[in-house]
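K.L.:
Which chain is which? The protein sequence lines are A and B, in order. With our numbering applied, the first sequence corresponds to residues 9 to 221, in that order. With our numbering applied, the second sequence corresponds to residues 9 to 221, in that order.
Note that these hints are calculated values from the structure, not bench results. Small disclaimer: the values here were computed from a predicted structure and weren't measured. Mixed in with the good hints, there may be bad ones.
Which copy is meant is left open, because identical chains are indistinguishable; a pair holds if it fits in one copy or across any two.
Lysine-lysine pairs mimicking DSS-like chemistry, simulated, CA-CA at most 27 Å apart [unchecked claim]:
| no. | residue 1 | residue 2 |
| --- | --- | --- |
| 1 | K75 | K149 |
| 2 | K189 | K75 |
| 3 | K75 | K57 |
| 4 | K32 | K189 |
| 5 | K32 | K67 |
Protein chains: 2
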Amino acid sequence: MSLDIPDVVIERLPQYLRSLRALKNRNIALVSSADLGIESGVTPAQIRKDLSYFGKFGKQGQGYNVKALADDLTRILGLDQSWPVILAGVGRLGKAILTYPDFTPEGFFIVSAFDSDPVIVGTDVAEITIRPVEQINEYIKENNIRIAILAVPGESASDLIDQLVQSGIRAILNYAPITPKVPDNVQIQNIDPVHSLQTMTFHLSDITLNTNS
Amino acid sequence: MSLDIPDVVIERLPQYLRSLRALKNRNIALVSSADLGIESGVTPAQIRKDLSYFGKFGKQGQGYNVKALADDLTRILGLDQSWPVILAGVGRLGKAILTYPDFTPEGFFIVSAFDSDPVIVGTDVAEITIRPVEQINEYIKENNIRIAILAVPGESASDLIDQLVQSGIRAILNYAPITPKVPDNVQIQNIDPVHSLQTMTFHLSDITLNTNS
Numbered sequence: 009m010s011l012d013i014p015d016v017v018i019e020r021l022p023q024y025l026r027s028l029r030a031l032k033n034r035n036i037a038l039v040s041s042a043d044l045g046i047e048s049g050v051t052p053a054q055i056r057k058d059l060s061y062f063g064k065f066g067k068q069g070q071g072y073n074v075k076a077l078a079d080d081l082t083r084i085l086g087l088d089q090s091w092p093v094i095l096a097g098v099g100r101l102g103k104a105i106l107t108y109p110d111f112t113p114e115g116f117f118i119v120s121a122f123d124s125d126p127v128i129v130g131t132d133v134a135e136i137t138i139r140p141v142e143q144i145n146e147y148i149k150e151n152n153i154r155i156a157i158l159a160v161p162g163e164s165a166s167d168l169i170d171q172l173v174q175s176g177i178r179a180i181l182n183y184a185p186i187t188p189k190v191p192d193n194v195q196i197q198n199i200d201p202v203h204s205l206q207t208m209t210f211h212l213s214d215i216t217l218n219t220n221s
Numbered sequence: 009m010s011l012d013i014p015d016v017v018i019e020r021l022p023q024y025l026r027s028l029r030a031l032k033n034r035n036i037a038l039v040s041s042a043d044l045g046i047e048s049g050v051t052p053a054q055i056r057k058d059l060s061y062f063g064k065f066g067k068q069g070q071g072y073n074v075k076a077l078a079d080d081l082t083r084i085l086g087l088d089q090s091w092p093v094i095l096a097g098v099g100r101l102g103k104a105i106l107t108y109p110d111f112t113p114e115g116f117f118i119v120s121a122f123d124s125d126p127v128i129v130g131t132d133v134a135e136i137t138i139r140p141v142e143q144i145n146e147y148i149k150e151n152n153i154r155i156a157i158l159a160v161p162g163e164s165a166s167d168l169i170d171q172l173v174q175s176g177i178r179a180i181l182n183y184a185p186i187t188p189k190v191p192d193n194v195q196i197q198n199i200d201p202v203h204s205l206q207t208m209t210f211h212l213s214d215i216t217l218n219t220n221s
């Protein structure tokens, strides 16, 4: 089924879910695609098209039932269950990730964290005792972990990713400043603030050019 | 000019630039679109199409001059200049951002940082003295800042973004877990690890479904 659904559609679903939850918190029971569009910043036509991949939602002239659609999207996205997650790399960024408050309410539990630095290994961060990275593959296999967060330097990331995938990891949230290649059955999302800044300066430079011309 | 160039094309340019730099570091002077494709994980046809938006690059049968194309992309992306950047929010994440080593080599200099917490204001992080957030608008105007990084909680992000835009900010790297609306002349890139995880669990759930069916 998922083979036919474009990645961009899937990437908009969490946004719709967040908007629906905000509407629910404001005690709104029914919402039109127009109003959901205002809330989520997506055109109503796009919303209707995106949702049509997953079945029939909403009633003509009535709009969507906020709670029902939120529940359906939660299920479609696999968020009706808890996901144990491991972290590789407990430097400054890794520590910020370990104490980030927004993972747990969404069902993502960091259950263990690994580092190669003997000074860091054995210390506690956010009630997790950091393990040596040599134990990461065994841990993944023994605990059936499918999701890893990577906060290691760029030079060590590629080798580590290969190991993680071999051990059974199927989804990687990658903070290392590289764009790694992974097999087709492995999901990867790269978080790269420099890349994000670089796509924006294109527009800023252009503004400057226009101003001078 | 930029109006005709799709965002997805612009978002791939930093990736090409990174690949070209890696090739240059390996002393490779000329590269085919096929080899640049292997390096960057994009199809050769897509690379040629993307680059064609910006002019004529490479010679038939010779490929691209690695250094010349890297220089051109650097200029196109506005990375041939330094960009002063301000940070709003110096909690744990903000501190990790302030000490992140990869901004400066790419020309992004965090020149000041702001927080609303009186305990944090006045302290030094990475040789920057944290200022009270009340001074942020004045600072932006006086120093012609165009880029802001936002690492504040979701509830305070929307109001702050409105202020920043009014003071002259034109590009926002947003770590707050919201999807804010900004005017058309303002760029925004959202870094949202929960959203990234949620798009991946869709595929993991699907795998599970297939296994059970």
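K.L.:
Hint by hint, note whether the structure agrees.
P.N.:
Checked hints:
Taking the shortest alpha-carbon separations for K75 and K149, neither the intra-copy value of 37 Å nor the inter-copy value of 44 Å comes in at or below 27 Å. Only between protomers do K189 and K75 lie at most 27 Å apart by alpha-carbon distance; the minimum there is 24 Å, versus 38 Å within a single protomer. Only within a single protomer do K75 and K57 lie at most 27 Å apart by alpha-carbon distance; the minimum there is 20 Å, versus 44 Å between protomers. Within a single copy, K32 and K189 get their C-alpha atoms only as close as 39 Å, which misses the 27 Å cut-off; across copies the closest is 20 Å, which meets it.
For the identical chains of this complex, K32 and K67 are intra-copy neighbours only, at 18 Å inside a copy versus 58 Å across copies, given an alpha-carbon limit of 27 Å.
Consistency note: the structure conflicts with earlier hint 1 alone.
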